[in-house]
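Novice: Read off the chains here:
2 protein chains.
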Amino acid sequence: MKAVNIGLIGLGTVGSGTLTVLKRNAQEISRRAGREIRVIAAAVKDLSKQRDVDTEGVYLTENMDEIVNHPDIEIVVELVGGDGLILEAVMGALDNGMHVVTANKALIALHGNEIFQKAREKGLVVAFESAVAGGIPIIKSIREGLSANRIEWLAGIINGTSNYILTEMTESGANFDDVLKDAQDLGYAEADPTFDIEGIDAAHKLTILASIAFGIPLQFDSVYVEGISAITGEDITYAEELGYRVKHVGIARNSESGIELRVHPTLIPVSRLIANVNGVMNAVLVESDAVGPTLYYGAGAGSEPTASAVVADLVDVVRTITTDPENRVPHLAFHKDNIIDAPIMDMSQVETAYYLRMTVTNKPGVMASIATIFGDRDISIDSILQKGSGHRNDDVSIIMLIQNTLEGNLVEAVTRVEELSTVKGRVIRIRMEQLS
Amino acid sequence: MKAVNIGLIGLGTVGSGTLTVLKRNAQEISRRAGREIRVIAAAVKDLSKQRDVDTEGVYLTENMDEIVNHPDIEIVVELVGGDGLILEAVMGALDNGMHVVTANKALIALHGNEIFQKAREKGLVVAFESAVAGGIPIIKSIREGLSANRIEWLAGIINGTSNYILTEMTESGANFDDVLKDAQDLGYAEADPTFDIEGIDAAHKLTILASIAFGIPLQFDSVYVEGISAITGEDITYAEELGYRVKHVGIARNSESGIELRVHPTLIPVSRLIANVNGVMNAVLVESDAVGPTLYYGAGAGSEPTASAVVADLVDVVRTITTDPENRVPHLAFHKDNIIDAPIMDMSQVETAYYLRMTVTNKPGVMASIATIFGDRDISIDSILQKGSGHRNDDVSIIMLIQNTLEGNLVEAVTRVEELSTVKGRVIRIRMEQLS
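For the protein sequence lines, the chains are A and B, in the order given.
Counting in numbering that gives the first Met the number 0, the first sequence runs from 0 upward without gaps.
Counting in numbering that gives the first Met the number 0, the second sequence runs from 0 upward without gaps.
Rather than coming from a laboratory, the hints here were simulated on the basis of the structure.
Please note that a few of the clues may not be correct.
Keeping only pairs whose Cα atoms sit at most 25 Å apart, straight-line, the calculated SDA-like set for lysine to any residue is [as the list claims (entries may be wrong)]: (1) A:Lys-121 <-> B:Ile-320; (2) A:Lys-44 <-> A:Glu-55; (3) B:Lys-1 <-> A:Gly-122; (4) A:Lys-117 <-> B:Arg-30; (5) A:Lys-22 <-> B:Asn-253; (6) A:Lys-22 <-> B:Gly-291.
If you want the ones that stay clear, here's a sample from chain B, every Cβ over 12 Å from chain A, calculated [said to hold, decoys possible]: (7) Glu-61; (8) Asp-64; (9) Ser-171.
We treat Cβ as the ideally placed atom computed from N, Cα and C, and that holds for glycine.
One chain only, chain A, in its complex shape:
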């Protein structure tokens, strides 16, 4: 059977990895796909740049329109990232009858609804396995592997940079700024790390996961986002002492009152498998009604791990390229007419447990006034740990674990506590999930 012709847009880290894997494993891949997959052209930023990857037989151009309008290309692989011009290129490729594979989480999270609409009209496939958790086949697992289930919730460590920083802080006791600097030196964090450490990248991915898990439209703007830049070594140490590890987690939950979409640092019991996912590795834990918990673990970024998912998508497209479009796997796991616009809950409506830490002056009645504030709002304290001298009028740290409660109530209580004259500064607050 004749080869399938591919055009790449982007020949950076992931683009080079994709070309390398397609060449090195050409035989292995065509044994699986049943046809040869051949890259015939690639759009690059700078033709004059020296490249490590072997581009023999690949027509290189600085003009991505040449890819989108190439008469022999059947599948366009977009590996540039960002939106704007890239959205135009992807829509152009679909207009020209080309299938699309993309690793671009921002593009899918922000513009996926219109992209899939166009693809359906044209009877084309848009595949995006590599957009979430790199090389882990999490889109496929949820979309196809768990199709029997009502998915209840999922929780993912889906940003390698944040997980690397938290892991290093936990293991070495170093502070956030020093670890971030090391991560930048090692190439695990960008020069401007905002997207990763402030949770925006994780929120893009959570948007996509929630959509395929629950059959809801993509809606990035509804995700609650908090990064890891406020986490201190002190909190990590206390959490450990209490049997918890601090992880940056994206959580989507389908509850009776609506769907929770949130990205924030979270204490997880050390005994949970996902609490032991360290360094730049990613993992997604999915709780479903029939199968119960399942977990998917692997590299969430990097050249070849991401290429692994890009090429898996190519194989999928090749395997289905001649079939009836109506019967393909729907982009968002559910068929178009069954996308339900369920309400997204505001963060204040979300119920979760908390780790709180506050500095107070050690004098009679302090604990009583704090406990009264929580008690008045029906908030239960699970355990209290006091750190510091026993001398009257000295500063001591109080750590509290708070049982599941509405975030709105908790925020109000914490505000009152902070107004007490015996409480110094802000109350540190980290959410806590049993994940079971």
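Assemble the complex: chain A is given as a structure, and chain B must be docked to it using the hints.
Specialist: Relative to chain A, chain B alone:
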């Protein structure tokens, strides 16, 4: 679009689970599949038996031929287990143009080659996700999610009974027989537990995993099989002391000299994620050239977890039911003409590390004679732990960790050691894998 009609063979644990999940999640499932999936008939062992599951609208019969010859059934779901008559029924269904979904690992491991041959001739799908690791979508992940990769090895905790027993022995310090009895009382082990605790069930599953990972024919007879019945609490304790956990693992490795297929108890460093997979849970760790390590975790057995995979297969079949058979996912991940009959290595050719424990009389020269035996065969000792009194002529236990070596050499050395007059009884030997 009109409903797809299903016939069940078997309405035991998994059959009831399948019917229950299909009914409870009917809406969720048809939102994904695009069509209603309706069970219209089921073959049962005893019509008079009281059932918990709601069989309204399902025609029940004790004659499975009625399912296989039913004019309205498009997909037959086989959930009885075993071979013999069941193989006949499956081949009959294929002859009659029905697609087949099965949870039967023995059937696929022993007769898969002929079943798939018939299915290809007829242009039909045979799906078997539930045959390996229950509800974990491991077949799909390897066959489709990792299709870009040259898979190097995989290691799986793929028998829940064995993992439960080892976990209990580790956590409670109880011995094998007592834990087995508890497991039987709890329903985690069969009255005759041989298939599970002697590794046969795990070997069926490993046969299937290896085939789809490497593109080789199914060949159960080539798997090396060792169960857990010889593991003692003493060994588990020492392993822990050394930083390892004892797990029952199926390993398939594609090495230059051939393919390793083996099922046996294995020490794994406690820090590995898979070492922390406890109780009846399963996990499969796959090492591939592009993506690196990925791990898949979940329930490996049980009514609804297994039904989850059965129904996922049904959705897959429904999604592809009208497509060109040439372009479907090949049963064994690789296309028929690309199945390579690569040689399977004999266990003696396999290189692995070892945990050894022996009882010796504490007198001068004992250690020297043991060390000489290993040294003469170029076998390196990584560490030695001596347990027991320091008094001359008392019995002491010696535990050794042996670096990677050919099993053939190790067996020979151990035989020599056992012949020493100062060594009492047999040398306990458990293989050890870094899994990294």
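Novice: Determine for every hint whether it applies to the structure shown.
Specialist: Status of each hint after checking the structure:
{"no.": "1", "hint": "A:Lys-121 <-> B:Ile-320", "verdict": "holds (21 Å)"}
{"no.": "2", "hint": "A:Lys-44 <-> A:Glu-55", "verdict": "holds (18 Å)"}
{"no.": "3", "hint": "B:Lys-1 <-> A:Gly-122", "verdict": "holds (22 Å)"}
{"no.": "4", "hint": "A:Lys-117 <-> B:Arg-30", "verdict": "holds (20 Å)"}
{"no.": "5", "hint": "A:Lys-22 <-> B:Asn-253", "verdict": "holds (20 Å)"}
{"no.": "6", "hint": "A:Lys-22 <-> B:Gly-291", "verdict": "holds (18 Å)"}
{"no.": "7", "hint": "Glu-61", "verdict": "holds (27 Å)"}
{"no.": "8", "hint": "Asp-64", "verdict": "holds (28 Å)"}
{"no.": "9", "hint": "Ser-171", "verdict": "holds (16 Å)"}
Violated hints: none; the structure is consistent with every hint.
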